[in-house]
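These protein sequence lines map, in sequence, to chains A and B.
So the number in this note's numbering is just where the residue sits in the first sequence, counting from 1, plus 325.
So the number in this note's numbering is just where the residue sits in the second sequence, counting from 1, plus 139.
Please note: incorrect hints may appear among the correct ones.
[Unchecked claim] Below are the DSSO-like pairs computed for lysine-lysine, each with C-alpha atoms no more than 30 Å apart in a straight line:
#1 B:224 x A:538
#2 B:224 x A:541
#3 A:538 x B:237
#4 B:218 x A:541
#5 A:476 x B:261
For the record, the hints were derived by calculation from the structure and aren't laboratory data.
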Amino acid sequence: MFEIFQFDFMIRAFAAGGVTAIIAPLLGNFLVVRRYSLMADTLAHVALVGAALSLLLGTNPILTAVVTSLVVGIVIEKLRSRGGITGESILAIFLSSSLAVVAIIISLIKGTGFNLSGFLFGSIVTVLPSDLVYIVGLGVVTLLVVVLIYKPLFLTSFDEEIAQASGIRVQQINTVLILLTALTVSVSIRVIGALLTGALMIIPVMAATQISKSFKQNVVFSILFSLLAVVIGLFVSYYLNLASGGTIVIVALLIFILTLIVKVR
Amino acid sequence: MVLDNLNFQIKEGDYVGIIGPNGGGKTTLVKILLGLLKPTKGKIRINNMSVGYVPQRVSQTYFQFPVSVREIVATGSTKEESVNKAMVAAGIENYKNKLLSQLSGGQRQRVFIARALAGNPKILILDEPTVGVDIPSSTKFYEFLRDLNQKQGITILFVTHDVEVIAKEVSSVLCLNKTLVCHGLPKDFIQPEFLEKLYGDKVKFVIHNHNV
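Pulled out of the complex, with its shape left as it was, chain A reads as follows (with noise of 0.2 Å):
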């Protein structure tokens, strides 16, 4: 049965499903606590301008995507926070408009081969030892940024008011979490892909808070949630030949819907 890992591409499929899992459900909790949850969507398809972008340039994708989506990312929090349009459908105007751009610099670059259904739908065995280094380099920033603000990120996200009478700088806190945020989407991008990241964001949060008994466990429950989710979803496509992203998303939905019966049980 582990043949599998005789591949060093499954080796590398393997260690890059497992840093998005820790790290995509870890911010997800702070986003869908504040009911950001669109954040993640949005910025993965900003993500995507970015991995097309770089088709264009010769860059390399991931790191364009990072800085395609921290850019924006900065822009959609000034834009949010100035008021006058709510957060959401500044969310949506820049979610769609993506899209748009990515079409376009599609009918640009037509015939060089870009694959574009592996960044929509992610394709973990393509990561090379290259990007690898990347994912692991982003994963453990954003690792350590979430532990360092942690009590800070934990109380902006559940009361504003209250952090910002603590004397917390709420805006800052904020800034930080959005671009962690495009952080990881730009890294998930590649192995669950743009249209899929927000589900390993949120599912696995959502299937974590029928059984938490607080919200640090809810981080830990939903992290365990998305690394099974992640390493059942591999074996499956695997061995089932099905696309990679596409199962990993939808044992994912499996787990959560266990959480639900066990919960009414």
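For chain A, the structure is supplied; the task is to place chain B on it using the hints.
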């Protein structure tokens, strides 16, 4: 302009009730004292003392997502010891591992007081602390506040609509209606004629004489 021409001093150890009609600027004053809003003119001086804050309403987010009592109190301090002490002081140490959504209104309010106490404040500011809390819990709650003020010497400011509580509990009262209408002993101002002027004559006040 929500508030205009305000000038007052509060002494250390005071127990101050803030009253006034809706829209009179009570919450605005609280936010200014906390530094959440900046006054367009003038200055607030708080003599280098730590301030604890208990908000008017518990944010809905706490109910929609799992969060334990302990986790909320722990946001008030980095010291484990202060967190534990604050939970004991607020009488919630038995529920520390419960989800906030499992508690009653009165218990929830104590969680947020414990959170404020964990930071060892010298001043405690509360915005309508007993809204949505039943009468027995509310009575107990004010006993608890009085203890904090008298035994631990914490200066307390709270906003309320409950004039009876003011008459009975506080050492001084601040009345706000766009500006400072009164500041002094409750016995001087918690009088029907004065209150009717503050709230408008549609309100009739009957003050019971509780001999506490």
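Taking the hints in turn, this is what the structure says about them:
1. Distance check on the hinted pair: residue 224 of chain B and residue 538 of chain A sit about 22 Å apart at the alpha-carbon level, within 30 Å; holds.
2. For the given pair, residue 224 of chain B sits about 22 Å from residue 541 of chain A by alpha-carbon distance, which is consistent with the 30 Å threshold.
3. For the given pair, residue 538 of chain A sits about 7 Å from residue 237 of chain B by alpha-carbon distance, which is consistent with the 30 Å threshold.
4. At most 30 Å may separate the alpha-carbon atoms for a hinted pair to count; residue 218 of chain B and residue 541 of chain A meet this at roughly 18 Å.
5. Among the hinted pairs, residue 476 of chain A with residue 261 of chain B is consistent with the structure: their alpha-carbon atoms are about 23 Å apart, no more than 30 Å.
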